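Dock chains A and W against the given chain Y, drawing on the hints supplied.
Residue numbers (the numbering used here), protein chains in the order written: chain Y, 1 to 193; chain A, 1 to 153; chain W, 1 to 684.
Hints in this document: simulated from the structure, not taken from any laboratory. All values reported here derive from a predicted model rather than from experimental measurement.
Computed beta-carbon distance windows for the label pairs: (1) A:E8 x W:E421: 38 to 46 Å; (2) W:L345 x A:T9: 28 to 36 Å; (3) Y:A20 x W:L627: 50 to 58 Å.
Quick reminder that beta carbons are idealized off the backbone N, C-alpha and C, glycines included.
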Amino acid sequence: MTPGMDAPRPSPSLAERLKAFRYRPEEEVPPLAMFPARGEDARPAAVAEEVREVLSFELAGGTYAVALGGVLEILRARTLVEIPRAEPPLLGVLDVRGTVTPVYDLALALGLRERIRKVSGPPEECEAVSRDARILVTRTASGPVGLWVDRVRDVVRLPVGAIEAGTGEPEGVTGRARRGVDTLLLLEPERVL
Amino acid sequence: MALEPEAETLDLFTFSVGAHRYAVDVRRVDEVLAPAEVTPLAGAAPPLEGLLSLRGAEVPVVDLRLCLPAGTPAPGSEARMLLCWLGKRRVALRVDGVGGVLRVATARLQAAPGGPLVPPAVVALAVEGGTVHFLLDVVELLRRQSPEAGAPG
Amino acid sequence: MSGPNKPWGDFVSEAVETAEALERELGRLDTGGEEPSPAALNAVFRHAHSLKGLAALYGQGAMEGLAHAAEDLLDRLRLGRVRLREAVADALAETVELLRGLAHAAEAGPDEALLGRAGVLVARLEQLAQGPERLAPDPLHRLELAPAFRAVLTEYEEHRLRETLRRRALVWSFSVRWRLEDFDLRLPALVERLAPVAEVIATLPGSAPGDPEAICFELLIGSSAGEDRLLEALAPDAGELALVPSRKRRRPDEARPGAGPGAPADRAPAGEVEGPLRSAAQTVRVGIERLDGLMNAVGELRLIAAGIQRLADGALAPGVTQLPRAFGADLLREQRQMSRRLDALQSGLLEARMVPLSQVFERLQRLVRRAARDAGKELDLFTRGGEVELDKLIVEELSDPLMHLLRNAVDHGIEAPDDRERLGKPRRGTLTLAARPDGSHVVIEVRDDGRGIDSARVRQVAVERGLLPGDEAAGMSGRALHRLLFTPGFSTARSISALSGRGVGLDVVQTNLARLSGVIDVESGSGVGTAFRLTLPLTLAMMRGLIVRVSGRTYAIPLNGVVEILSLGSEPPRRVGDRELISVRGNPLPLVRLARLFRLPEAELSRRNVVVIGLAQERLGLAVDELLGQADMVTKRLGGRLGPVPGIAGVADLGNRRTVLVLDVAAIISEGLSQAPPRAALSE
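With the rest of the complex left out, here is chain Y (with noise of 0.2 Å):
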């Protein structure tokens, strides 16, 4: 007797099945409930009791925050590549790792500065950069994009029930918190701008 009379041929569904079991990067992976949190990877949470990670940092005079999780590198502020006929609050535009990435005038977005920093173009034209000076560089739903901001402190770990909601005002300010004789206002990046 001939061995395998029937062609070895994968059946159909088993093509359909090889399909799932082979690697894409644009895979769905369902919400598992055993992720803790959206994002690449997670941030352990505390094991007490819920806390919210961010970073906080000066913006004319006042102290504000960004959840950390968003937050994917932090650079020394400099001149950037200026974006001809640029709107406010645009500052101008930095390859981070290779992306090209906006950089933005957090300041002047929330209304605290009135005229936009000069900070690209040929240098003759730009105004002097603090050695203070950072830019954040977060993440948004249409990519990453750059925040300028006049100091970085450090970071805070909030305990969720020390969040109250915020006004609303100024557009982007999703809530305010104490931390000692401060107050931070925490911002959401996508709405501020």
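What follows is chains A and W alone, placed relative to chain Y:
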């Protein structure tokens, strides 16, 4: 969207859990790690163990041995953690031993029979050198472990 | 193939491509001692044969002769008359290289050196073809295995079958049926039980059982024990044992069409022959120039789209009553559709230029093997991610930097086998070359498990070369130190071998990568190994740009949009309304000052340069301050949150980390011309 031609071969990475051998798409496997310390996670239920700190990133750790049929591992096998890609994220899967890379012709694969006697989320079988490998759809396996799925697990 | 009236370009591209295919298949043959599979040998033979025909058609005598000699040797290989020894493999590899060289030199005419080498190589190939050993023809083809099964056997299994038959043992098939609970444990148990009397060569899927709780397999067994003995060993597992017979003589209808007279069975089973032919018919060769031409056509279409947009905007402006607003809305909708189609066309063209990295990986495999042999190191190179695709130009540009990194790893990274043993490491070193996609980038990693970067030595050399003052170097650690390796002239090799060259250091790698908008990073552990990570953007189009300066800013204008460059004399441009015109060879040309268009501070210069940009029929003069020359550049889209910026197509990296904006020629022409005076005023 280009049409993908039916690949004739499949590259697999094999490992063992309990007494059985499994295989996943080799492209899923980012690294093989020695067992390391896992930070427990509040509210985490087995098979999720907790988080592993890996060069600045936190990676969830799942004990595959709790998802697949039990059994005594072959002597000489050493427990490891497979750092696997699931979509764009990585998960560390605890296994009893690792094999290696295996290339099989898709025409040689057998569809996995259904029913409770075959380990869950197995899509096909590959036999190589007298050993049966169960091709495991890890995404499906973990989906079933999720409490929402309500599956017996 | 049509007659020899085809231009040289076609010959060279076809010849080179066939030679590359030959090289690929040849690479598969190099299995290190085992018998090569008939399928692979056939593929190589076919390519050599095509190359010979092609060369003959174009009167390339030397190439024809070389291909002919290779073909002869390959024929003997697949007939089993010659064994694939190292000498044979090396000669064939050299032949492919020389064939490629001859192909490139075809148009100009090969030089004496090439011809001389060809002659010597032909003699060598002929000598190898004589071959001292004579093998019996392949018995596997007489085995009555269903072609479908034959097609799925691995090369190793074929080899084992062949060996079984050569030993004058028999091949049996055993159909077995097992319960689902324990089949995966019963199979290895059966293999073990058979071990004293038989070898399980292959386990193939069996026909589906009627019982949903059972699974069937077909085992191919080789054994010289009798049927009784076999049944005894198989006993606990119920199944059917049958002999797989071999035909006594080859049947006439199996002869390969067109094969030489008296050639023994060398035909590949039907299933295998069809495969490669089918896939060959599905690909089409397209020259890069043609693709670029199509890209230019896309550019022209974009200009039209921009023009339509303006019409639509005009019709939709508030207060406009001449044209019904509905018309404007319709027009805008059409324009948007066209824009979308253009986007799709453009990405399709960009994708057509994508080739898999495996092209480069395979070549690197051979290189590493040779380098390891020469350096007396024992190592394995693993590659992963060969299917990742990048722009063809990038893949070609990558081979040098990757080769450099791999050679470094072989020469300086991996320790000598004895040293490794002494250190408690496995004798064979491990090199990994892995590529994986990462968002809009590709990450390629070159990793070795060798001695790692010697931080102390790096520090020492840095101070010696005056790159750092001593105290600063002492304070530096880890990554900062490793980054020093990328500064020019840095090389810590105590003995620079002939392979790695002198002082061609990592700085060259970095510069080459920067031209591709790539970055390189290094991670190393002393005694553990080193990993270089290259990050490259996925889709790029390399193009040439004209670099200009306006109001202190630098911009790049894609050269395919530049028609000519003029120098404005002292004569000021004519004004018509609020627009400007200049006269070029008696014809009027609308003029736009880029500084004004971009609302930049304007400098009054006596002499101004005018870059005439054009697409399709339209022309516009762009006044700039200075011309800074031309450069090859890679353009990145702005993308993301920024959205389309009027007048800017993207950003380009000009090599030495200078980033400039690239102008969108179509948009600027469209915007500039919309300010142009009506036709009546022009014709004068």
